[in-house]
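Enquirer: This is what each chain is made of:
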Amino acid sequence: MAKIIGIDLGTTNSCVAVMEAGQPKVIPNAEGANTTPSVVAPTSNLVGVAAKRQQVVNPKNTVFSVKRLMGRKFSDPEVQELIKDYPYTIVQGNNGMACIEIEGKVYTPQEVSAKILSKLKADSEKFLGQTITDAVITVPAYFNDAQRSATKEAGQIAGLNVQRIINEPTAAALAYGLDKKTSEKIAVYDLGGGTYDVSILEIGDGVFEVKATNGDTHLGGDDFDRKIIDWLITSFKADQGVDLSGDRQALQRLKDAAEKAKIELSSTLETEINIPFITADATGPKHLNYKLTRAKLEQLVDALLQRTIAPMENALKDAGLSKTDIAEVVMVGGMTRMPKVNEIVKNFFGKEPHKGVNPDEVVAVGAAIQGGVLGGDVKDVLLLDVTPLTLGIETMGGVSTPLIKRNTTVPTSAQQIFSTAADNQTSVEINVLQGEREMAGDNKSLGRFILDGIMPAPRGMPQVEVKFDIDANGILHVSAKDKATGKEQKIQIQGGTGLAKEEIERMVKEAEMHSAEDKKRKEQVDARNMADSLTYTAEKSLKDAGDKAPADVKAEIEQKVKELRDVLQTASTEELKTKTEALSQSMQKLGQSMYGQQQQGPQNPNPNGGQTGGTDNSGGNNSNGDTGPVEGEVVN
Amino acid sequence: MEENSTTTGQSLEERISELENNWKRALADYKNLEKRVSEEKEALRDFANLVLLSRLLPILDNLEMAQVHLNDEGLKYTIKEFKQVLEDEGLREIDPTNKEFDAATMEAVEMVDGEENKVIEPLRKGYLLRDKLIRPARVKVGKKKENGESQT
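Protein chains in written order, with the working numbering: chain A, 185 to 820; chain B, 3 to 154.
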């Protein structure tokens, strides 16, 4: 089943997104950017940023803003305006439609747009690792039938089945999930790179209706940059007496700096524009350095900002609505990141606009959501649950050992091998726990069961495999299996994941609150388990060594074991650690003397060994430090 | 009765194929995600410094411009050392001097008289980070004298 991509085919930039596991994802192009300049050089087959870079070299062969020509007649006054401004040649094609002529060949706007769509398609296929055949493409709300079918044709030329053409403001509203509203009026304010649109939508039963649109087809971010550049040129001329407006290289650097300053001033109140060696005259090199404050920027572009207000008023008037009728305001286009723009829109409608989705990508995201709905991707999204709390079992010393961490997506399973805590222990109790606390007693016990029939063996030898499995219905299956006998016990816990939200929050909060003391308690238990384990090992080792153990070493170890045993339940973590360390050192003495004997003497099991394969005569094997005989709990 | 059971059988079959479809789709999504995660990890390893490096480039430009004016020996060594650090991080310079104009690595700022489609004057160096373009070179490109159209 192929995916349906959502494409925002923009005047200055285009963007593509897709639904992935129920979430919209913007697809980066081959150059690694999330948006692609809508610029095409058909003769050299360049699209996007590469086409833009050679625009100066091939002005007549480089088509930009082709969207303005889509589905328009050559005689259209809008087209006649463009002919005056645009360096490429616009001609009259079949049926009087506006076309582009490059090196004697006539291209329809559809064909040129198709090149952009082809690139987006190819980049998407590369990114997704699958063939793409279907797309949803967005168009401005004011596009007429001819313009819409031209857009659809462009998609077909690019090898895409255009599943639907949707309005840009509708896509933006979809991206914010506004289709779930029952009956509401929505305003969409779209201030992009080169155009400004405002649309009033009405939503009812998941269907959007465009009530009115208005705007200014020649107002956008580039005009804002231009204002900053002009200010820099004027200031520099006044201060340094040099006119930069004729110097292409300087202009390019000014443009870079202006754009950077504009972006910075969306998050800071002041920025420095620094262009060293911007020019030189007889006196030597000249540098440009100006501070630009947000307030100054707002003053520079005030006229542009004011121009966005009348279209809002007109759109409302055409829709027969007043400001108070508007329930939601959605922002689209990079310029809406400017705090002043937000303020103007907020003041106008008396409402905080929706933000959060990247305004450069929001239309493509909405188109992808529409694509997901059409492809069944969204309707049938498996709402995968997560386990709200950690699940685990109680182990030696009352510790809660996690098997499945909280926020793991279900279905999932986890297994771990545990062992016995005492010699000849024939049963283990599995206490299934839920919660974030370190100690079993502080967590919720969901159920417990006993696995018996374990063959008598030294502690740490039996292997009990505990398996947790949460199925798609959220039912937890816990099983414990003795690997030696194959004996198995299990329980099912229903609704283990279906806790009330408040309860989950309470448990998580409590765990956070107690995390420091819990950690201390856990450390203490760990230390106690370690101490206990070492006393066990020491005794075993002494027994194994028999009379080969030097008497003084033997006495020393026995003394230290006793000391440790006496305080096992009462000592502090530090004391336990110190005493354990002391015993461990004495053990090393034993090990050394035994090793020395072993050189000449007969074979003996290594008294301090940690191998797992058992030796038949002594059972002197022990597992690593964290085992020990504490109440019949299973241990790690 | 019979008809009824057929309908149930049919709808069950539909349901099965629907579920199978969804399952395959989820698996495919996951496989692709895995691939992408490993690719992204590689990219992260190779391009972790990309943002920092691209922010350092204008400073290098300025130092080099300063050197053109000052021709200072100390500055010369400073620039050399600075460039060495950038090179060690995988940055490579694109030298457009005397080359054909190439939109893949160069950005044309201005057309001037000169050999057609040749880089007449490099204005700003371009840089690659492990074969990925992180900044195109800026150049002036040649065109034939104004009287004749440079179109072919």
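In short, the hints are calculated from the structure, not lab data. Quick reminder that beta carbons are idealized off the backbone N, C-alpha and C, glycines included. Be careful, since some hints might not be right.
Claimed, not checked - Partial list, computed: chain A residues near chain B (C-beta under 7 Å): (1) LYS209; (2) LEU230; (3) ARG237; (4) GLN433; (5) ALA656.
Enquirer: Now tell me, hint by hint, if it's right for this structure.
Expert: Each hint, compared with the structure:
Contact between LYS209(A) and chain B, as hinted, is not supported at the beta carbon level, the nearest pair being about 10 Å apart and thus beyond 7 Å. For the restraint placing LEU230(A) at the interface with chain B, the shortest Cβ-Cβ distance is roughly 6 Å, inside the 7 Å limit, so the hint holds. Hint on ARG237(A) holds. Least Cβ distance to chain B is approximately 4 Å, under the 7 Å limit. Satisfaction of the interface hint for GLN433(A) is found here, the shortest Cβ-Cβ separation to chain B being roughly 5 Å, below the 7 Å cut-off.
At its closest, the beta carbon of ALA656(A) sits 11 Å from a beta carbon of chain B; the interface hint therefore is violated under the 7 Å criterion.
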